[in-house]
Structure formats: C-alpha cells, structure tokens
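Colleague: Produce the entire structure from the sequences given, and follow the hints as far as they go.
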Amino acid sequence: MPVTQPATATYPFTAEKLDLSPLYSALRREQPLSRVQLPYGEPAWLATRYADARFVLGDPRFSRNESLRHDEPRMRSFPTPPDALMIMDPPEHSRLRRLAAKAFTVKRVEEWRPRIERIAAELADGMLAKGNTADLVTDFATPLPVSVISTLLGVPFEDRGDFHVWTEAFISTTKYTPEEAAKHRAALTRYMACLIAEHRETPRNDLIGDLVAARDEDDRLSEGELQTMLSGLLVGGFETTATQITNFLYVLLTHPEELAALRADLDLIPQAVEELLRFVPMTVGTAFARYAMEDVEVGGVTVRAGEPVVVALHSANRDESVFTCPHQLDLERREAAHLGFGHGAHHCLGSPLARVELQVALRTLLTSFPNLRFQESEADVVWKSGVLTRGPERLPVTWDQP
62 MPVTQPATAT
72 YPFTAEKLDL
82 SPLYSALRRE
92 QPLSRVQLPY
102 GEPAWLATRY
112 ADARFVLGDP
122 RFSRNESLRH
132 DEPRMRSFPT
142 PPDALMIMDP
152 PEHSRLRRLA
162 AKAFTVKRVE
172 EWRPRIERIA
182 AELADGMLAK
192 GNTADLVTDF
202 ATPLPVSVIS
212 TLLGVPFEDR
222 GDFHVWTEAF
232 ISTTKYTPEE
242 AAKHRAALTR
252 YMACLIAEHR
262 ETPRNDLIGD
272 LVAARDEDDR
282 LSEGELQTML
292 SGLLVGGFET
302 TATQITNFLY
312 VLLTHPEELA
322 ALRADLDLIP
332 QAVEELLRFV
342 PMTVGTAFAR
352 YAMEDVEVGG
362 VTVRAGEPVV
372 VALHSANRDE
382 SVFTCPHQLD
392 LERREAAHLG
402 FGHGAHHCLG
412 SPLARVELQV
422 ALRTLLTSFP
432 NLRFQESEAD
442 VVWKSGVLTR
452 GPERLPVTWD
462 QP
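Plus 61 on top of the position in the sequence shown (first one is 1) and you've got this note's numbering.
It is worth saying that the hints were derived from the structure and are not from the lab.
In this text, a Cβ means the ideal position worked out from N, Cα and C, and glycines have one as well.
Worth double-checking, as some hints may not be accurate.
[Said to hold, decoys possible] Estimated spans, in silico, between C-beta atoms of each pair:
#, residue 1, residue 2, range
1, Thr238, Ser412, 28 to 38 angstroms
2, Arg122, Ala190, 53 to 63 angstroms
3, Gln436, Asp186, 16 to 26 angstroms
[Claimed, not checked] With a Cα cut of at most 20 angstroms, we get these calculated SDA-like pairs of lysine to any residue:
#, residue 1, residue 2
4, Lys244, Arg281
5, Lys445, Lys163
6, Lys163, Asp277
7, Lys163, Arg416
8, Lys244, Glu262
9, Lys244, Pro142
10, Lys78, Leu390
Modeller: Next up, the structure:
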C-alpha cells in the first residue's frame with residue numbers, strides 16, 4: 062500500500078519520547094527519497110534508507126559548503142556559521158579537522174579512560190552520600206562529560222554553570238527566541254575569546270593551547286575559525302553525550318530483560334553501547350543539508366544539481382533491509398555498523414571519546430547502584446522540549462542501599 066503524504070511533507074515527523082514516527086518505515090518501503098519542508102529554509106529531499114544515507118553522506122558530489130549560497134533547510138532559525146567545521150568541504154574541512162583530531166584518537170582517548178572512570182566514581186560516590194535518590198541528569202549524566210571536555214580543552218570547570226544555557230542556544234528550535242539564542246551564542250563567543258587571550262598570555266598544555274599555537278605560530282587557521290571550532294567542541298563535547306547517558310538508562314529501564322542481561326555480563330557493555338547508539342533516536346529531526354553539485358541518482362530518484370538532501374540517521378538505523386528486527390533492542394546484535402555518529406568526512410570527530418564516556422557511565426551506574434530504577438515510575442521522567450536533541454530533562458532514580 063503506497064504511503065500517503067503531501068507532495069512536500071512538513072518535517073520533522075512527530076513522535077513521543079524516544080519513539081520514531083511510523084511514517085519513516087512507510088517511506089523506506091515506498092518512497093525512500095521524499096520531499097519535505099523543514100521549519101526554516103527551502104524544501105529538501107529526505108533520505109530514509111541506510112544505503113542512501115551512507116551514499117549522500119559519503120559522496121563528494123554532495124556539498125555542505127554549497128549551503129552557504131542557499132537558504133539551507135534547517136531546524137533552527139539561524140544558519141550554520143560560515144567558518145564552522147560542519148559547513149566545510151575538503152580540503153578546508155580536512156585542514157581544520159586534522160588540528161583537533163589528534164585529541165580524539167582511539168589511543169589518546171583510551172589513555173583518558175582511567176581519568177574518566179575516576180570522575181564517574183566520584184559522581185557516584187556523591188550520589189550515594191546523599192541517600193538513595195537522585196536526578197540522573199543533574200547528578201551524573203551532565204557533570205561527567207562537562208568535567209571531561211573541560212579538562213581536555215582547558216576550560217575552567219567552575220564555569221560549567223553557563224555551559225548548559227550556551228549549548229541550548231545552539232540547539233534551540235523554540236526554547237529561546239531568535240534574539241535570546243543569538244545573545245547566548247554571542248556570550249559563548251566572548252567567553253572563548255577571553256580563554257584564548259589567557260592561553261596566549263600563559264601557554265598551557267591542553268587543546269586550546271595546541272590550537273592557539275597552530276593559529277599564532279603556524280597560521281593554520283584564522284582567529285574566527287579558532288573561536289568557532291572551540292565553541293563547537295565545547296558544545297558538542299558534552300551535550301550529546303550527557304543526553305545519551307540518560308537516554309541509554311531510560312531505554313534499559315524500560316527493557317528490563319536487556320538490563321538484567323547487561324547486569325549479569327558487564328563485558329557486554331561495549332557492544333551494548335553500539336546497539337543503543339543504533340536504537341536511540343537522539344535528534345528531533347535532521348539537519349545539515351547536503352547539496353548536489355551535479356545531477357545524482359539517489360534511491361532511484363534524480364536529485365538535480367543545486368537541490369538539498371537531508372538524511373534521517375535514526376531512520377537509516379532502523380532499516381529492515383540491513384538490521385534484523387530493527388525496532389527491537391538486542392544488546393548482542395552484530396550486524397552492519399550503525400550511523401549514530403554519521404558517516405563520511407563529517408563523521409563525529411569526538412566519537413572515540415563519546416564511546417568511552419558512555420561505556421564508563423553504564424558500567425559505573427550498574428555496579429554502583431544495586432537495582433537502579435525509576436524513583437516512582439516512568440511517568441515522572443520530564444522530557445526536553447524546544448531543542449534539537451531528544452532526551453530526559455529530569456530522570457529521577459532510586460536504588461537499594463548497597
């Protein structure tokens with residue numbers, strides 16, 4: 062039965078909590094490349110199948126930089142800054158990415174694992190010291206990645222109180238007015254300018270220090286690129302990981318058999334993280350359109366030169382032609398690689414760090430808090446609204462006293 066939708070459908074498709082709209086499944090079957098209208102910008106093609114998503118994200122005939130010459134389809138009122146990594150194509154993208162990538166190699170991140178484990182253990186001890194109830198968001202999921210990225214970058218941890226507001230300004234869809242969001246983004250830019258100046262006056266052995274040296278000594282990036290990159294690393298370095306920690310726990314608490322299997326075999330945690338990254342739809346919709354630089358066939362449809370395509374990663378991760386029973390959580394699943402971190406040149410720079418933080422977070426929560434569960438019931442979870450990411454704003458939990 063063919064899918065019924067307007068010629069250009071309103072996007073994103075609505076769904077509650079971490080559910081996915083059934084329209085994605087229908088589109089994958091009948092119309093894998095369909096026309097959609099995002100809240101801002103011109104209409105776009107929406108890719109919903111796994112193979113098409115990988116193709117669009119990996120083929121150099123699709124350009125991110127071209128969006129600067131168009132009214133880019135987007136979820137937010139403001140466009141991507143022109144000197145941001147996410148708007149660049151190779152070779153400019155490759156030049157900037159290499160400068161930061163050395164801090165996020167698998168080897169470098171594994172060297173950080175003991176420090177991340179200590180931070181997680183200290184947060185768990187703090188929760189235990191207060192009794193047997195906590196809000197997972199504020200007491201664990203947020204301070205863990207904030208502490209890690211602050212140390213890695215060289216950002217004073219005591220300034221963390223402002224990080225949340227600044228981050229929400231970058232991912233706000235309706236939470237802030239355009240004027241409020243612009244004010245908060247400007248505050249983060251000023252903050253980064255001050256930190257850069259401090260690092261110039263007193264050089265330090267951290268990522269800001271490395272990038273300042275690359276700017277001042279080797280002239281490998283502009284001052285604007287330096288500020289934008291550091292702001293992006295700070296925002297991206299904790300918000301998504303914090304959201305996924307709470308999402309993962311919520312999913313496990315609502316899948317008790319899988320949670321019990323994980324408790325019984327903690328060696329499953331790395332594989333469980335990969336399956337949760339596949340299973341959990343972290344964003345409300347999709348963004349970061351790729352523009353066809355020439356006519357390209359995608360999923361049997363010709364995308365004309367100059368037309369944008371947006372990719373629904375969460376739909377691709379539920380593709381029935383790639384994953385067996387894709388709507389089921391299976392912590393022992395070993396099939397195709399998920400697209401939770403994207404694909405191609407813009408594959409998430411911090412994915413090695415995020416993996417380690419997520420693994421450490423799950424192990425710490427499962428070993429430190431016997432019978433961890435919702436404080437009263439699932440109904441007490443408060444969900445985010447008005448931002449790009451999907452997840453709990455508050456997740457009250459309790460546990461048996463060890």
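Colleague: If a hint holds in the structure, say so; if it does not, say that too.
Modeller: Hints versus structure:
1. Thr238 <-> Ser412: 28 to 38 angstroms: Once the Cβ atoms are compared, 33 angstroms apart, the range 28 to 38 angstroms for serine 412 and threonine 238 holds.
2. Arg122 <-> Ala190: 53 to 63 angstroms: Roughly 56 angstroms apart at Cβ, these two residues keep to the hinted range, so it holds.
3. Gln436 <-> Asp186: 16 to 26 angstroms: 19 angstroms Cβ-Cβ, so the 16 to 26 angstroms window holds.
4. Lys244 <-> Arg281: violated (29 angstroms)
5. Lys445 <-> Lys163: violated (33 angstroms)
6. Lys163 <-> Asp277: Distance ~19 angstroms between lysine 163 and aspartate 277 Cα, so the pair holds.
7. Lys163 <-> Arg416: holds (16 angstroms)
8. Lys244 <-> Glu262: violated (27 angstroms)
9. Lys244 <-> Pro142: Distance of about 15 angstroms is within 20 angstroms: holds.
10. Lys78 <-> Leu390: Given pair lysine 78, leucine 390 holds - Cα atoms ~16 angstroms apart, limit 20 angstroms.
This entry does not satisfy hints 4, 5 and 8, going by the numbered hints stated previously.
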